[in-house]
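So the sequence lines, in the order shown, correspond to chains A and B.
Using the numbering used here, the first residue of the first sequence is number 1, and each one after it goes up by one.
Using the numbering used here, the first residue of the second sequence is number 1, and each one after it goes up by one.
Calculated from the structure, these hints are not laboratory results.
Errors might be hidden in some of the hints.
Claimed, not checked - Looking from chain A toward chain B, a few residues come up when the C-beta cut is under 10 Å (computed): (1) D37; (2) W39; (3) G41; (4) G42; (5) Y43; (6) P44; (7) F45; (8) P47.
Beta carbons are placed, not taken as given, at the ideal position from N, Cα and C, and that holds for glycine.
The residues making up each chain are set out below.
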Amino acid sequence: MKCYVCEKSGNATEAIAVCIVCGMALCKDHLVRADIDMWEGGYPFPPSKLKKKLPRILCKECYDALITQR
Amino acid sequence: MGKEPTSMQKYLAELLGTFMLVWIGPGAGVVAGMLGVKGLADVLAIALAFGIAVAAAIHVVGKISGCHINPAVTIALASRGRFPWKDVFPYICFQLAGAVIASLLFVACLGSQASTSFGLGATTLNSGAGVTIPMGMIGEAIGTFFLMFTIMGVAVDSRAPGGWAGWIIGMVVAGIIITLGPMTGASINPARTFGPYVGNLIFGGPCPWDQFILVYCVAPILGAIIAVFVYDYIAQPDKGK
Ligand SMILES: [Zn+2]
Ligand SMILES: [Zn+2]
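Please model the entire structure based on the sequences and the hints provided.
What follows is the structure in structure tokens.
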């Protein structure tokens, strides 16, 4: 599969990842990696953050919509 | 994306949750007395007020401190390693403080008659019905057993359906109060009795401290601990963390 973003500008770059939200295939220049905090706890336990985070691959648009504009 | 609550934020959450519980629950006992409500109507009003307060507190501060708002619950969770022992003492101190603040502020709202005439909603044994200290201990232990047994089943056990804990635990508290209330006052929570007792000590209402330790501290704590061990034995939940 080719990178969707590159394809629009006339380049055919091999994709190495897929945005988990919209499904867009992405090359290494167009993917964004966001590491999500993992939590344990919740009633009747106080919440605590786990050491390791969950990796999420997103395209730039989904990253902006979900994370940057918050 | 979100920070862990600090220790002080957790302690204050326990204080505020217990404040909410003791102002609303025992407070309902005071106003029921003031309105001259007697019998089952009195018990139902108090039970409903407690149930609503517990359910709301669980949803509000549950995600901060775990919303124990009850020393028996805190100790029972620690007894099987589900809660760190180092936090047990501060949790209990802030729960007791929240309960005392609730009772004092109830006097601020209604005057000292809340204590002298209506005892700030304190729990005492119904000696008129022949309830003795050993009988009261059994009742409080069973009531707190059911409370903790329910917490284990609907919240601690990871197989429990999400989002129902507040409502179900609030309703079981109401149910326990309907049955146990006419016997012991249905404390099932040392902090819930401590707050009104301190208020009554200051403002002149009843505070039989001889009942406090055995009936309203030892028995609920034992009942809650037994519930944790029994639930773990029959249901074998994962560690619940
Ligand atoms: Zn690309
Ligand atoms: Zn996307």
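Results for each hint:
1. D37: Check passed: Cβ of A/D37 comes within 5 Å of chain B, closer than 10 Å.
2. W39: holds, 8 Å
3. G41: Result: holds, 7 Å to nearest chain B Cβ.
4. G42: With Cβ-Cβ at 6 Å, under 10 Å, it holds.
5. Y43: holds, 3 Å
6. P44: holds, 4 Å
7. F45: Constraint on A/F45 satisfied, holds at 5 Å.
8. P47: Nearest chain B Cβ about 6 Å off; hint holds.
No hint from the list above goes unmet by this structure.
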